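Numbering (the working numbering), first residue to last: 5 to 74.
One or more hints might be untrue.
Stated by the list, open to error - Across the chosen pairs, the derived CB separations fall in these ranges: (1) Pro62 x Arg28: 18 to 24 Å; (2) Gly54 x Cys18: 34 to 40 Å; (3) Asn13 x Thr40: 18 to 24 Å; (4) Leu44 x Gly10: 26 to 32 Å; (5) Arg46 x Glu15: 25 to 31 Å; (6) Gln8 x Val68: 30 to 36 Å; (7) Ser32 x Met5: 29 to 35 Å; (8) Val68 x Gly38: 24 to 30 Å.
Hint data in this document are derived by calculation from the structure and do not stem from the laboratory. Just so we're clear, the structure is a prediction, and the values are computed from it rather than from any experiment. We put the beta carbon where it would ideally sit given N, CA and C, even for glycine.
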Amino acid sequence: MSVQYGIENPERVCGLILFGTTARFSRSKDFPMGFTESALDRLVDAWGTGTGRHIFFPSISDEVIDDATY
Numbered sequence: 005m006s007v008q009y010g011i012e013n014p015e016r017v018c019g020l021i022l023f024g025t026t027a028r029f030s031r032s033k034d035f036p037m038g039f040t041e042s043a044l045d046r047l048v049d050a051w052g053t054g055t056g057r058h059i060f061f062p063s064i065s066d067e068v069i070d071d072a073t074y
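The task is simple: from the sequences and hints, build the whole structure.
Written out as structure tokens, the structure reads:
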């Protein structure tokens, strides 16, 4: 949404700071490193449990963020 706004209003946006962005999440012929549909379904089911932290934040250790806490 922010990128779209910047494209449509370049006179109002001098830059964007983006964090945790990706071109897409789902796997396709031209994006083989994406998640499969079944993996995305499991991710939705586990959202908020902390079980996917190691995928999205691999450099943050268990000592810094304890999955059981979240």
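Each hint, compared with the structure:
Look at Pro62 against Arg28: about 20 Å separates their beta carbons, and that is inside 18 to 24 Å. Checking the proposed 34 to 40 Å range against Gly54 and Cys18 shows it holds: the Cβ atoms sit about 37 Å from each other. Distance hint check for Asn13 and Thr40: the Cβ-Cβ separation is about 36 Å, which falls outside the suggested range of 18 to 24 Å. In this structure the supplied range 26 to 32 Å holds for Leu44 paired with Gly10, their Cβ-Cβ distance being about 27 Å.
The supplied range of 25 to 31 Å is broken by Arg46 and Glu15, whose beta-carbon atoms lie about 43 Å from each other. The given range of 30 to 36 Å is respected by Gln8 and Val68, whose C-beta atoms sit roughly 34 Å from each other. For the pair Ser32 and Met5, the beta carbons lie near 22 Å from each other, so the given range of 29 to 35 Å is not met. Roughly 27 Å separates the CB atoms of Val68 and Gly38, a value that falls within the hinted 24 to 30 Å.
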